[in-house]
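Protein chains in written order, with this note's numbering: chain A, 496 to 579; chain B, 496 to 579.
Treat the hints with caution; some may be incorrect.
As the list claims (entries may be wrong) - List time: in silico BS3-like cross-link candidates among lysine-lysine, alpha-carbon distance up to 30 Å:
1) A:K541 to B:K541
2) A:K541 to A:K511
3) B:K511 to B:K541
4) B:K511 to A:K541
5) B:K541 to A:K511
6) B:K511 to A:K511
Stated by the list, open to error - Computed footprint of chain A on chain B; a stretch qualifies when at least three of its residues, placed anywhere within it, have a C-beta under 8 Å from a C-beta of chain A:
7) 504–515
8) 535–541
9) 555–564
Treat the hints as calculated values from the structure; they're not laboratory data. Here the structure is a predicted model, which means the values were calculated and not measured. Beta carbons are placed, not taken as given, at the ideal position from N, Cα and C, and that holds for glycine.
2 protein chains.
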Amino acid sequence: MARLTVPRVHIAVLLKDEILDPQGQALERALPSLGFDGVSGVRVGKHIVVDLDDDADLDVRVTAMADQLLANPVIERFTYRVEG
Amino acid sequence: MARLTVPRVHIAVLLKDEILDPQGQALERALPSLGFDGVSGVRVGKHIVVDLDDDADLDVRVTAMADQLLANPVIERFTYRVEG
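With the hints as extra help, turn the sequences into a complete structure.
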């Protein structure tokens, strides 16, 4: 049951704050008409979940993956967190 | 500077485990050829960030928003976490 202990990494890729996010804006405008008030700063991005075989060099591996494949570093930034 | 203390909510919307995720599969297949080995269980979804004006009924509001607008409950599930 070693699978239960592998690190699961959640990577969030979002447009940089200075880049216009039309999808987030559309969502933010839709919310009040659906009864959701007091919501601002809506941003929409990608959420990627990966299971790694072990946690060796985890930061290096995840950062390289995100930089090379998952995010466009010109317009996007990413964060990640490790679960389990 | 009250803005600095508003709750920022990160909502992750992913396809349910039993639903095929072609984008995740494509990514998983691409990783080894780019030198990333030992990666499995890749799933790709949406990551939505919202700032709420206060944390009253936070769970109720976020759950309703996700159920009604952000996720398709037939094929997707969501999780959220609060930052700040």
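Q. Is the straight-line distance between the alpha-carbon of K541 (chain A) and that of K511 (chain A) 30 Å or less?
A. holds, 13 Å
Q: Compare the distance between the alpha carbons of K541 (chain B) and K511 (chain A) with 30 Å, and conclude whether the hinted pair is satisfied.
A: Within the cut-off at roughly 16 Å; holds.
**Q.** Outcome, coverage hint (the segment 535–541 of chain B, chain A; C-beta under 8 Å; three residues)
**A.** Result for this restraint: holds, n = 7.
**Q.** Pair hint K511 (chain B) and K541 (chain A), alpha-carbon separation not exceeding 30 Å
**A.** holds, 16 Å
Q: Mind taking a look at whether chain A covers the segment 555–564 of chain B? Criterion is 3 or more residues with CB to CB distance under 8 Å.
A: holds (count 5)
Q.
Just to be careful, I want the Cα atoms of K541 (chain A) and K541 (chain B) compared with a cutoff of 30 Å; is the pair within it?
A. Given pair K541 (chain A), K541 (chain B) holds - Cα atoms ~5 Å apart, limit 30 Å.
**Q.** Proposed proximity, K541 (chain B) with K511 (chain B) (alpha carbon, max 30 Å)
**A.** holds, 13 Å
(Q) Would the hint linking K511 (chain B) and K511 (chain A) be met if the CA-CA limit is 30 Å? (A) This hinted pair holds, its Cα atoms lying about 28 Å apart.
Q. For the segment 504–515 of chain B, does the count of residues with a C-beta closer than 8 Å to a C-beta of chain A reach 3?
A. holds (count 4)
Of the numbered hints given earlier, the model fails none.
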